[in-house]
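Starting from the known structure of chain A, fit chain B onto it as the hints suggest.
These protein sequences, in sequence, are chains A and B.
So the first sequence is numbered by our numbering: it starts at 1 and just counts up by one.
So the second sequence is numbered by our numbering: it starts at 1 and just counts up by one.
Just so you know, the hints here were simulated from the structure itself, not pulled from any lab data.
Owing to the predicted nature of the structure, the values given are computational and were not obtained by experimental measurement.
Hints may be right or wrong, so weigh each one.
Mimicking DSS-like on lysine-lysine, the simulated pairs with C-alpha atoms at most 25 Å apart in a straight line are [said to hold, decoys possible]:
id : chain 1 : residue 1 : chain 2 : residue 2
1  : B       : K128      : B       : K75
2  : B       : K345      : B       : K75
3  : B       : K167      : A       : K135
4  : B       : K329      : B       : K345
5  : B       : K137      : A       : K85
6  : B       : K329      : B       : K413
7  : B       : K167      : B       : K50
8  : A       : K90       : A       : K24
9  : B       : K137      : A       : K164
10 : A       : K90       : B       : K137
11 : B       : K75       : B       : K426
12 : B       : K426      : B       : K413
13 : B       : K332      : B       : K128
14 : B       : K75       : B       : K329
15 : B       : K332      : B       : K426
16 : B       : K413      : B       : K332
17 : B       : K128      : A       : K164
18 : B       : K75       : A       : K164
Facing chain A, from chain B, some residues (calculated, C-beta under 10 Å) [said to hold, decoys possible]:
id : residue
19 : M45
20 : F46
21 : D83
22 : C93
23 : L97
24 : L105
25 : V120
26 : G123
27 : S124
28 : G135
29 : F151
30 : L155
31 : V190
Ideal placement from N, C-alpha and C gives every residue a C-beta, glycine not left out.
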Amino acid sequence: MREYIFYFLAFVSIISALMVVFSKNPIHSVLYLVICFFSIAGHYLILNAEFLAVVHVIIYAGAIMVLFLFVIMLLNLNKESEPHKPAIIKFASVISGSLLVLVLVAALLKSENLNLPASTHPSMHSIGMVKDLGKSLFTDYLLPFEISSVLFLSAMVGVVLISKKEA
Amino acid sequence: MLVELLGLRKLVGPVAVLGLLVTLYLNFMHWNEEVVVLDPIYNDMFVVNKMTMVFNAIILSLAVFLVFMGANFYKDEKKHWSDYLSIYIFAVCGAILMIGSHHLLMTFIGIEILSVSLYVLAGSNRTKVESNEAGMKYFIMGAFASGILLFGMALLFGATGTLHYQKLNTFLLAFNNSTPNTGFLYTGMVLILIGFFFKISAAPFHFWSPDVYQGSPSIVTAFMATIAKIAAVTSLYLLLNQVFVALHELYDILLILICIATICIGNILAIVQTNFKRMMAYSGISHAGFMILGILAVDFNHWHVIAYYTMGYGFANLVGFGVAIPVFKSMKNENVAAFNGLFFKRPILAVALTIALLSMASIPPLAGFWGKYYILSAALSKDLLLIVIIAIINTVLSVYFYFRIFVAMYARKPDNTPIEVSSSYKFLLIILTLILLVISLMPDMIAGCI
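Next up, chain A with everything else stripped away, as it sits in the complex (with noise of 0.2 Å):
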């Protein structure tokens, strides 16, 4: 059962994030990328983590899809306006992503006897629920957990600076 719902979403999630890059309009191109995440919040449900797929779900295909959907109407985007690369750089970058592509593939295929000891681990099953996963960062992880706080603070202050109007 669960492996069938993990091909469906794997499909789903294929399917809409080839989508998202060949769709022409890009109010189309948005709303693609809200089934992608949904279906990548599915995967992340599938893997037990709750909170994160929770997360994945407020945070991506709410507040930040909100925002593209704002910028896009705001631009008023139209296919005129934008600029077309010449075939070179095109070809240039097919290439050089498949490239990447292949190395990465053939590199991972290599290990086909998956025996990652994450998923052997006997507190697996319950690793990725809110409880857990509050004890590990108020425990294990409380010093990564604080200091992502100046991260944050750095870059709101670089955000009230860029964007300050001069007076």
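Then chain B, alone, in the frame of chain A:
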């Protein structure tokens, strides 16, 4: 130590300097205790030992001088100085976290704090198109590099089940070819290395650096060239030596190729640059190549070689930019020609710049020479003869583009634009130059101390 840094951070320059100095002092509090007395703290997330103390001290002392320089640089926009300053301090905090980190997660957060601050600073001059371009370019490229780094860490975690330096090292020492998931492990390691190579602007991943260095405000360029680069190199050195050392046969060839490419590309392309900041970017790339050579050749017991090299590099760069900033400000352009006749206009500035550039060109009695000497002799003892030859040829090449600035300063006719420098700023430059000279003249003593 870190808490003090954050607690004392107030939005005024003197307090920031004071905070940095207090941090510097607290940094050395445990200096006289035995080296490994201090275990990793905060659940093994953060480590304090003699090595991290020395590297932190380098970063912090550079930061103190950068704050002084920044106070001068932002004289005309006092209102924003506090904003800039806070971001500088955040970036320094990120650099310290990178150095002291004992867990890949911490390393990543440190890198991100440093990078996010620098993205903002690179684009902080909103009225200039170049600065916007620099900020945007740095942000997009840096975001991809961070993504690659994180992907590598995820694969590594998948293969080993931990991101803790010590545990990873134990896992890899017990590692052999029959261990499962080698594909995950190798790919993860290479992706992590790629992320780091981007951050220190090593050769195939260096394309952002000249544009970003050129576009950013000069003081930010000085920050990137010194603190950001030193922190990234140190972090990579610690990572390779504490974690991946068991796999060194695998990554050595990678490092060798990248080292050769970085040194050659940095020096050869620096020759054709007319913009001073662009030239310094390429010079920084070639120095990154030497630091990679150091990472490759210097083993963990001789870390003071890397510390000495970064110290000399950092202070020489700081003096260079310290002279360049007022010159650019008065001349309103950033080309090598802006230095024309500097010696006749401002002899002190010219002499300081001469000492800094001579050090970077590694002319014998100066710090750059001793740093390279130590690294090259370490490389020789590891049978890396080919790289040593290439590195020496490139050092000779590099003398050419540093000397172009000397020609401009001493041999060209000065024009009538006066260079405005306050006497306190001159005093600052003199102190910086003296520090560089002290580092240069007592290499053995400093290397013996640390």
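List of violated hint numbers, smallest to largest | none
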